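Novice: Sequence:
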Amino acid sequence: MGDYWTVDRGGVLWQDASMIDVVPDIKARIDVVDLVAEYVPLKPAGAGSFKGVCPFHQERSPSFHVSRVRQSWHCFGCDTGGDIFSFVEKIEGMEFRDALVFLAQKAGVTLPEPEHREQATTKKKRLHEVNDLAARFYRSVLLQMPQAADARAYVQRRQIDDLSADLFQIGYAPESWSALTEALSRRGVTADELVFAGLAMKRERGDGVYDRFRGRLMFPIADVHGNIVGFTGRILVNDPNQPKYMNTPETPVYRKSAILYGLDKAKAEIRKSGLVVIVEGNMDVVSSHQAGITNVVASSGTALTSEQLNLIKRFTTNVAIAFDQDAAGGAATLRGLDLARQQEFAIKLISLPPEAGKDPDEACKKDPELWRQAIAQATGIVDWVYKRAFSRHSPATPEGKQQIADEILPEIGRIQHPIEREAWVKRLAADLGSSEGVLQASLRSRGARGTGTLPPARLQSPAPTVAPHAKIEDRPGWRWLALGMLSPTDFLETFATDDVPLELTGEPELCALYVSLRSAYTVSGFPPPNAMAWSLALSHLAVSLGPAEMMTYTTLTLLAEHAFSSFSRAELTYERQQLSRQLRRAARARVREELQNEMRRAEAAGDTARILELAQRFSAISQD
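To convert, note that position 523 of the sequence shown is 522 in our numbering; the numbers rise steadily by one, no gaps.
If you are wondering where the hints come from, they were derived from the structure by calculation, not from laboratory data. Because the structure is a prediction, the values reported are computed rather than measured. For each residue, glycine too, the CB sits at the ideal point set by N, CA and C. Please note that a few of the clues may not be correct.
[What the hints assert, rightly or not] In silico lysine to aspartate or glutamate, EDC-like type, Cα no more than 20 angstroms apart, as pairs:
no.	residue 1	residue 2
1	Lys105	Asp82
2	Lys123	Asp191
3	Lys105	Glu91
4	Lys26	Glu91
5	Lys264	Asp222
[What the hints assert, rightly or not] Cβ-Cβ distance ranges computed for the label pairs, FRET-style:
no.	residue 1	residue 2	range
6	Gly432	Ser305	20 to 28 angstroms
7	Arg202	Lys122	18 to 26 angstroms
8	Asn309	Pro353	34 to 42 angstroms
9	Glu354	Ser305	35 to 43 angstroms
10	Glu181	Asn240	41 to 49 angstroms
11	Glu58	Ser305	46 to 54 angstroms
12	Asp30	Lys124	24 to 32 angstroms
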């Protein structure tokens, strides 16, 4: 089969368009209600409709609706929805390609693949299998083998309980040159496969291989989907000739810069809480999860990379960073901020109090509440840099003053709001015993706003979980149109009698569907005499709608069920009247605003006649 490029539903380039051809087959085999019910408890909410608590944001009353008839889902709390593919993408943190593979396996559909891709997939699958076998071996050694007694004692000293050790599959690589090689060879793993997976190394002299990891506590590293892709091994005996930590070398499935330790276990809570806490070490993650703080991942001692940030962005854009409190940890924190700010993450920094210890692991051992409070009290970048600068340098000397200013002023310069920026300058001047004028001059020389190469960061509040405009269920245009789609005959006249200028709402997708609905109402002898006739008209209309209109139509239908199913007839009437008035007022306000803008332009042009005409129109609409 020849390879060629095409574009998938998410705008991603695909090789081999035949992959997309299986989408309808997968949809035909997997019912959206059955799929969603594997993740979300659902209750019936009308004919073919179900509702539950949204898995993508925190809520008490159910606003998450699933339609078996339309094979779609929508949450009116966080304004998101779609089909089985979009649900899997969001709930599992997958790209569309991965969701396609996931659902194809679930549906029993074979995906056509070019030969080279099939070979690559087979190799990656085999690497996952080999790494999984290795993790099982290391785990069994820790639990059962006499030579792992010191490792078991170490785990106890670090206060890792059995449940946590099992969850993270913590194991032990025995002090042997061939223990893993021999054990896995009995399971059909070849020496070449062990070398390819980074678990063994070829002997410099002669044939054969030897185990890469020896005498180390082993932390399996999983990708976002839970596949074991590599290991981190921690030495138990201090040896100046051995690194404290050793990682799997890069392989086709493991690149340190593209992995976040613990993300596979943390992603659900990250999505639920809307926040990811990034720590430095694997033990910080294990201890946090053991303490019940499960939205924590580790960068494994590296500064944050763009690949890691892209992984995080699947689940949240709110980041709290807690690297070690030493100088190296602070430097790593600052390096990671550069990329995070460029990708418009909302960033907070966590500082542990002295009594908590040097890292989250120690804090959790002393008192998990210390770690929880530190996360809750995370500060913006400027505040964190401010405190750090004063802890590193003395304001009592001219050199110290300059060093403090050099660290803090670039961050102050990135603040967008002038009042906030001025407040920080005042504070810095007072704490340094310097003049505001000198600091302001220094800011101007640095470029003031947006100092440096980084864009201004969003520091003051977490990123919104929905678009900045109101949620669909709160938008009067959507609510009004959803009312018109209800079956009671009393509300069919909405489309014919309510003079609501939806075109002035600034929502073209809604207006387009309104035109289609109104046409369906009035064409060929309509208005329909009863609700049954209207339902028939809607079913005929749905067949002719394009994908965008159909999505809007589905959302409106679910909104009608979600928002108004418990309303009495009197309440529905009142709601419709209020929404109509609200929409008309909004439309008049938009017209008045445009007339005012036109009057300003006419004044600038000295067009007296035009000004008079516009003023009369403005007066008339204001009295309406």
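Novice: Please name the hints from earlier in the document that this structure breaks, with their numbers sorted from lowest to highest.
Specialist: Per hint list: 6, 10 and 11 violated.
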